[in-house]
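Number of protein chains: 2
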Amino acid sequence: MTTLRERTRQAVRDEVLTAAWRLFARHGFEATTVEQIAEAAGMSRRSFFRYFATKEELILVRLIEHDEKIAALLAARPATEGAWTAIRAAVAPIMESHEQHHDRSLALIRMMREPGLRSTIAERERLWIGLMAPLLAKRLPRTSVPFDQDPRPLAVAGAAVMALSSAQAIWAEHPDKSLSRLLDRAMSAFDS
Amino acid sequence: MTTLRERTRQAVRDEVLTAAWRLFARHGFEATTVEQIAEAAGMSRRSFFRYFATKEELILVRLIEHDEKIAALLAARPATEGAWTAIRAAVAPIMESHEQHHDRSLALIRMMREPGLRSTIAERERLWIGLMAPLLAKRLPRTSVPFDQDPRPLAVAGAAVMALSSAQAIWAEHPDKSLSRLLDRAMSAFDS
DNA sequence: GTCAGGTCTGACACCCGGTGTCAGTCCTGA
DNA sequence: TCAGGACTGACACCGGGTGTCAGACCTGAC
Chain V
1 MTTLRERTRQ AVRDEVLTAA WRLFARHGFE ATTVEQIAEA AGMSRRSFFR YFATKEELIL
61 VRLIEHDEKI AALLAARPAT EGAWTAIRAA VAPIMESHEQ HHDRSLALIR MMREPGLRST
121 IAERERLWIG LMAPLLAKRL PRTSVPFDQD PRPLAVAGAA VMALSSAQAI WAEHPDKSLS
181 RLLDRAMSAF DS
Chain X
1 MTTLRERTRQ AVRDEVLTAA WRLFARHGFE ATTVEQIAEA AGMSRRSFFR YFATKEELIL
61 VRLIEHDEKI AALLAARPAT EGAWTAIRAA VAPIMESHEQ HHDRSLALIR MMREPGLRST
121 IAERERLWIG LMAPLLAKRL PRTSVPFDQD PRPLAVAGAA VMALSSAQAI WAEHPDKSLS
181 RLLDRAMSAF DS
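Protein chains in written order, with this note's numbering: chain V, 1 to 192; chain X, 1 to 192.
The hints are simulated quantities; they were obtained by calculation from the structure and are not laboratory data. Where hints are given, some of them may not hold.
Identical copies look the same in the list; a pair holds intra-copy or inter-copy alike.
Distance condition first, Cα-Cα at most 20 Å in a straight line; then the derived EDC-like pairs of lysine to aspartate or glutamate [as the list claims (entries may be wrong)]:
#1 Lys-55 to Glu-30
#2 Lys-177 to Asp-148
#3 Lys-69 to Asp-14
#4 Lys-69 to Glu-99
#5 Lys-177 to Asp-103
#6 Lys-55 to Asp-14
#7 Lys-138 to Asp-191
Whenever a hint applies, use it, and build me the whole structure from the sequences.
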């Protein structure tokens with residue numbers, strides 16, 4: 001049960017978010033100042049920072065929601081599946097959705113590659129890895145090494161992010177290619 | 001042949017770099033202001049920015065030099081070696097050096113994990129991948145896919161970075177472990 | 001030697017993201 | 001209705017980064 005305060009606060013956050021994303025889409029991330037976002041949302045600059053700690057957070061929040069869905073899909077894969085198979089399957093719906101809303105996804109992915117957003121994207125990948133690694137640990141060949149001393153889950157989650165990211169990098173330049181197929185090709189370099 | 005101007009400029013850059021790294025080591029990256037660095041190097045804040053575009057660059061420059069040496073080692077591996085074998089071999093001397101200068105390396109690696117340096121490290125990894133990917137391309141199983149449409153080199157370079165990074169993450173917490181062995185264990189999740 | 005060109009420098013004002021503080025207002029629950 | 005906390009705008013400040021200007025400095029040509 002949430003209090004009224006929390007709900008109104010969330011509503012304000014949502015308003016700021018949609019106002020901000022509209023501005024980002026129109027002018028880009030860096031070119032949009034916090035002042036403009038605050039004004040579009042009808043509040044002072046200072047108040048903006050009472051709802052969001054940083055401008056980056058406006059981007060991150062949405063991306064994290066998205067990533068948590070993927071994590072849920074991964075967790076729902078049958079326990080018998082190996083790490084690579086499971087992660088490939090968990091990510092498949094996203095690939096399909098990207099190819100369905102081709103132009104919108106392409107524009108989004110290209111915006112994400114804006115230099116001013118690099119550190120945000122890096123942070124997103126960091127969080128993504130932290131989210132996926134524990135889910136992958138059980139799907140790796142067993143060892144006697146204790147959890148917190150086994151680098152493999154982090155490495156596999158990281159490699160998966162890199163496969164995705166490199167597939168998207170190629171796709172951004174050659175949007176006629178199939179994103180799913182690019183991802184398969186990228187991952188083929190690991191699983192062998 | 002370089003001009004006198006270029007050489008003095010380089011000398012000044014070196015002085016600023018050593019002054020800055022001394023301060024970073026003592027107080028950390030974020031806690032050190034550009035003003036302090038400029039003062040330690042005997043110049044104004046404005047002049048500092050005439051030698052380095054950003055404070056990050058002070059960190060990046062040194063890391064990139066380091067990474068270029070690894071790239072050279074990778075390029076020098078026999079052409080018959082596969083991508084994973086070659087990259088593991090190219091990185092081996094670094095691992096040894098880290099274990100030899102155990103405490104200094106550990107302090108350095110821990111400083112690199114400072115939150116304020118995350119975006120810098122991300123940029124470093126980005127550049128590292130760009131450096132390694134073309135060297136790995138020839139060591140992958142041949143396909144009919146043209147160079148610029150093959151995501152595998154980027155993916156493999158990215159995965160290698162992630163293996164390294166996860167090995168270092170574990171090492172930072174368990175410095176008694178062997179870094180080489182951690183890296184082997186991380187990479188064992190790929191090569192199979 | 002001197003004079004004109006470009007370079008390097010400090011100083012100052014400014015932008016933007018982010019924070020501390022304060023006083024006033026609004027909301028909630030007793 | 002009233003006390004306490006939450007929310008707000010305003011303002012001053014910090015630190016990284018940039019544009020600009022005027023003076024010092026260096027260099028090469030005459």
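Going down the list of hints, with the structure as the test:
Taking the shortest Cα distances, Lys-55 and Glu-30 sit within 20 Å of each other both inside one copy (10 Å) and across copies (19 Å). Within a single copy, Lys-177 and Asp-148 get their C-alpha atoms only as close as 40 Å, which misses the 20 Å cut-off; across copies the closest is 12 Å, which meets it. Taking the shortest Cα distances, Lys-69 and Asp-14 sit within 20 Å of each other inside one copy (19 Å), while across copies they are farther apart (48 Å). In this assembly of identical chains, the alpha carbons of Lys-69 and Glu-99 lie at most 20 Å apart only when taken from the same copy (18 Å versus 40 Å across copies).
Taking the shortest Cα distances, Lys-177 and Asp-103 sit within 20 Å of each other inside one copy (13 Å), while across copies they are farther apart (49 Å). In this homomeric assembly, Lys-55 and Asp-14 come within 20 Å of each other (Cα to Cα) only inside a single copy, at 14 Å, whereas the closest approach across copies is 35 Å. Taking the shortest alpha-carbon separations for Lys-138 and Asp-191, both the intra-copy value of 17 Å and the inter-copy value of 18 Å come in at or below 20 Å.
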